[in-house]
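Sequence order for the protein chains is A and B.
Note that this note's numbering has the first sequence beginning at 1, numbered continuously upward.
Note that this note's numbering has the second sequence beginning at 1001, numbered continuously upward.
Note that these hints are calculated values from the structure, not bench results.
Idealized CB from N, CA, C, for every residue including glycine.
The reader is advised that the hints may include incorrect statements.
As the list claims (entries may be wrong) - Derived DSSO-like pairs: lysine-lysine, alpha-carbon spacing no greater than 30 Å straight-line:
| hint | chain 1 | residue 1 | chain 2 | residue 2 |
| --- | --- | --- | --- | --- |
| 1 | A | 280 | B | 1229 |
| 2 | B | 1274 | A | 184 |
| 3 | B | 1103 | A | 27 |
| 4 | A | 147 | B | 1274 |
| 5 | B | 1229 | A | 260 |
| 6 | B | 1274 | A | 259 |
| 7 | A | 260 | B | 1274 |
| 8 | A | 184 | B | 1236 |
| 9 | B | 1185 | A | 242 |
| 10 | A | 243 | B | 1185 |
| 11 | B | 1227 | A | 184 |
| 12 | A | 27 | B | 1128 |
| 13 | A | 283 | A | 243 |
| 14 | B | 1128 | B | 1185 |
| 15 | B | 1084 | B | 1032 |
| 16 | A | 260 | B | 1185 |
| 17 | A | 243 | B | 1128 |
| 18 | B | 1058 | A | 147 |
| 19 | B | 1024 | A | 147 |
| 20 | B | 1128 | A | 242 |
| 21 | A | 242 | B | 1229 |
Unchecked claim - Over the 10 Å line for every Cβ pair with chain B, so calculated as not near, a few chain A residues:
| hint | residue |
| --- | --- |
| 22 | 66 |
| 23 | 197 |
| 24 | 232 |
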Amino acid sequence: MEMIKVKDLSFEYIRRDEDGNVESINKAIDSISLEVNKGDFIAVLGANGSGKSTLAKHINAILYPTEGGVWVNGLNTAEDRNLWEIRQTAGMVFQNPDNQIIATVVEEDVGFGPENLGVPTEEIWERVEQSLEAVGMLEFRNSSPNKLSGGQKQRVAIAGIMAMKPQCIVLDEPTAMLDPNGRKEVIATVRELNRRENVTVILITHHMDEVIHADKVFVMERGRVMMEGTPREIFSRVDEIKKYRLDVPQVTELAYELKKAGVDLPDGILTVEELVEAIKRIKSR
Amino acid sequence: MQIIFDKVNYIYSDGTAFSRHAIKDISFTINKGEFIGLIGHTGSGKSTLIQHMNGLIKATDGRIYFNGQDIYEKNYNLRSLRSKVGLVFQYPEHQLFETTVFKDVVFGPANLGLDKLECELRAYEALKMVGIGDDLLDASPFELSGGQKRRVAIAGVLAMRPEVLILDEPTAGLDPRGRDDILEKIAYLHRESGMTIILVTHSMEDIANYADRLFVMNRGELVMQDKAKAVFSHYKELEKMHLAAPQVTYVMNALRDQGFQVSTDATTVEEARKELLGLLQR
Ligand SMILES: Nc1ncnc2c1ncn2[C@@H]1O[C@H](COP(=O)(O)OP(=O)(O)OP(=O)(O)O)[C@@H](O)[C@H]1O
Ligand SMILES: Nc1ncnc2c1ncn2[C@@H]1O[C@H](COP(=O)(O)OP(=O)(O)O)[C@@H](O)[C@H]1O
Ligand SMILES: [Mg+2]
Ligand SMILES: [Mg+2]
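Using the sequences and the accompanying hints, generate a full structural model.
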């Protein structure tokens, strides 16, 4: 069963002058069709301005299609009466945490979502604690969000969404401001949610090493989906992916360079362990 | 421009119940023309530290010298310091406020009192440098994607042609090509014009490629200042500080642990490639 269905979706940002005349039209999404199954972990890659955030905002009914349609758990996002249920089904973590943190104390901020959903008080506190723990911010529960550094805020924002227990979570570059450990923690947390609670995950990122565990990767360019496949399939096509301004994980790049120099390695090595194993195999021949 | 920090401390909301000692007894010297990489866990004090360098934040305690002059002395010209030290903030959208991208970038040099034509030339050049095409010059900064905003913010500072360029996580949110392009441009400015660069980043892979020296912050303290290779050889300590080494460094260490005779100090793909080809051809 599909969690998200996008059919022939196009979206135009229209700029108007003071009199309301159209000055320019920017087609940010150009007839995209795709489906995401329940429980999938999906990654979306693409150059700056390729349309990733615009697509994500359609899933959360923040933007509405210019053409085509988007369905979340079978609900058409273009119909007003579905809005509440769609936002409850698909939680969104944005690029900039400052725009989503509202309360003056961290734990209140995290509790805000479930409170809005009418969750009983006792359970709210349980959820707040679990979510803060999961993102490694429990010790800051009584801090003021505006005193946190960028990365710390990002983790609070993620906790805030997780506390609403959505069926689907869309993360728009959630780790862009995090240190290596924070990134690992967040990705591990999101994977756990996906695996253990079957939450559908859509992860937008510029960090190639974060998508190696995804079930499927979409690569966007100029509002279109240009590549679609497992991480191994996508990262085996090194030259093609670089054409779209992307990259491969550093160890994949290293394996690719060794291969070009004549070393007999398999395509699409994704982790340090895989490369080390492959080299060991060669040396023991 | 030489920069010296002598036992600099900064406490947010000093004297209140919310006080936070963000940087502690920081001392270092950065020489003219150096390329410094500043790394540290989130909240370790990187942003606080660099905001001292153009006088945005005044140390609670300690001294800062630019070219031997104490910047906290009464007659020191902080305004002229700000024109020499360009700072690209961590959240670029906070820096954008004009009605068009082009006007936004012109603003910095105009503020330096340069004539209109010179400002426009510089703005144009800087925007080209960060990969913003002509089609976006008249767009409102608020209509840009996240990565595009960041590029415009960087251009705004580049157009001022500072002697010291400080960038707070400038590549966060950029696509990989954009990240490489901008780092290459910064490296070029560093090489060609001798600009001093201080780059705050969470990308260990990137910093290994470019920095002369790395500064490592941990819980408000400056705990290491050394060449990249030396710093990354302590990758286990770095992990305890929520950091890491480049992926290829892990490959080399894993092979060494398995008994292979390889040098473990590779931090870039090229270095690792050479070392591994050596191993495989033996
Ligand atoms: N509010 C807006 N008004 C007008 N145009 C916009 C707006 N937001 C985005 N755009 C334009 O739409 C296109 C797609 O932008 P989008 O934000 O979806 O890109 P993205 O893939 O998320 O990029 P990034 O990696 O930089 O976050 C770009 O050309 C951008 O300039
Ligand atoms: N405006 C502020 N008010 C109070 N505390 C702050 C403020 N900005 C940062 N801090 C605190 O100072 C410490 C260092 O933060 P920061 O310099 O932003 O770190 P980094 O840039 O390394 O992530 C953190 O504990 C953070 O919570
Ligand atoms: Mg985006
Ligand atoms: Mg910072």
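Verification of the hints:
{"no.": "1", "hint": "A:280 - B:1229", "verdict": "holds (25 Å)"}
{"no.": "2", "hint": "B:1274 - A:184", "verdict": "holds (29 Å)"}
{"no.": "3", "hint": "B:1103 - A:27", "verdict": "holds (24 Å)"}
{"no.": "4", "hint": "A:147 - B:1274", "verdict": "violated (46 Å)"}
{"no.": "5", "hint": "B:1229 - A:260", "verdict": "holds (26 Å)"}
{"no.": "6", "hint": "B:1274 - A:259", "verdict": "holds (13 Å)"}
{"no.": "7", "hint": "A:260 - B:1274", "verdict": "holds (13 Å)"}
{"no.": "8", "hint": "A:184 - B:1236", "verdict": "holds (16 Å)"}
{"no.": "9", "hint": "B:1185 - A:242", "verdict": "holds (19 Å)"}
{"no.": "10", "hint": "A:243 - B:1185", "verdict": "holds (20 Å)"}
{"no.": "11", "hint": "B:1227 - A:184", "verdict": "holds (25 Å)"}
{"no.": "12", "hint": "A:27 - B:1128", "verdict": "holds (23 Å)"}
{"no.": "13", "hint": "A:283 - A:243", "verdict": "violated (34 Å)"}
{"no.": "14", "hint": "B:1128 - B:1185", "verdict": "holds (11 Å)"}
{"no.": "15", "hint": "B:1084 - B:1032", "verdict": "holds (13 Å)"}
{"no.": "16", "hint": "A:260 - B:1185", "verdict": "holds (28 Å)"}
{"no.": "17", "hint": "A:243 - B:1128", "verdict": "holds (20 Å)"}
{"no.": "18", "hint": "B:1058 - A:147", "verdict": "holds (18 Å)"}
{"no.": "19", "hint": "B:1024 - A:147", "verdict": "holds (18 Å)"}
{"no.": "20", "hint": "B:1128 - A:242", "verdict": "holds (21 Å)"}
{"no.": "21", "hint": "A:242 - B:1229", "verdict": "holds (28 Å)"}
{"no.": "22", "hint": "66", "verdict": "holds (16 Å)"}
{"no.": "23", "hint": "197", "verdict": "holds (26 Å)"}
{"no.": "24", "hint": "232", "verdict": "holds (17 Å)"}
Hint compliance for this structure: hints 4, 13 are not met, and every other hint is.
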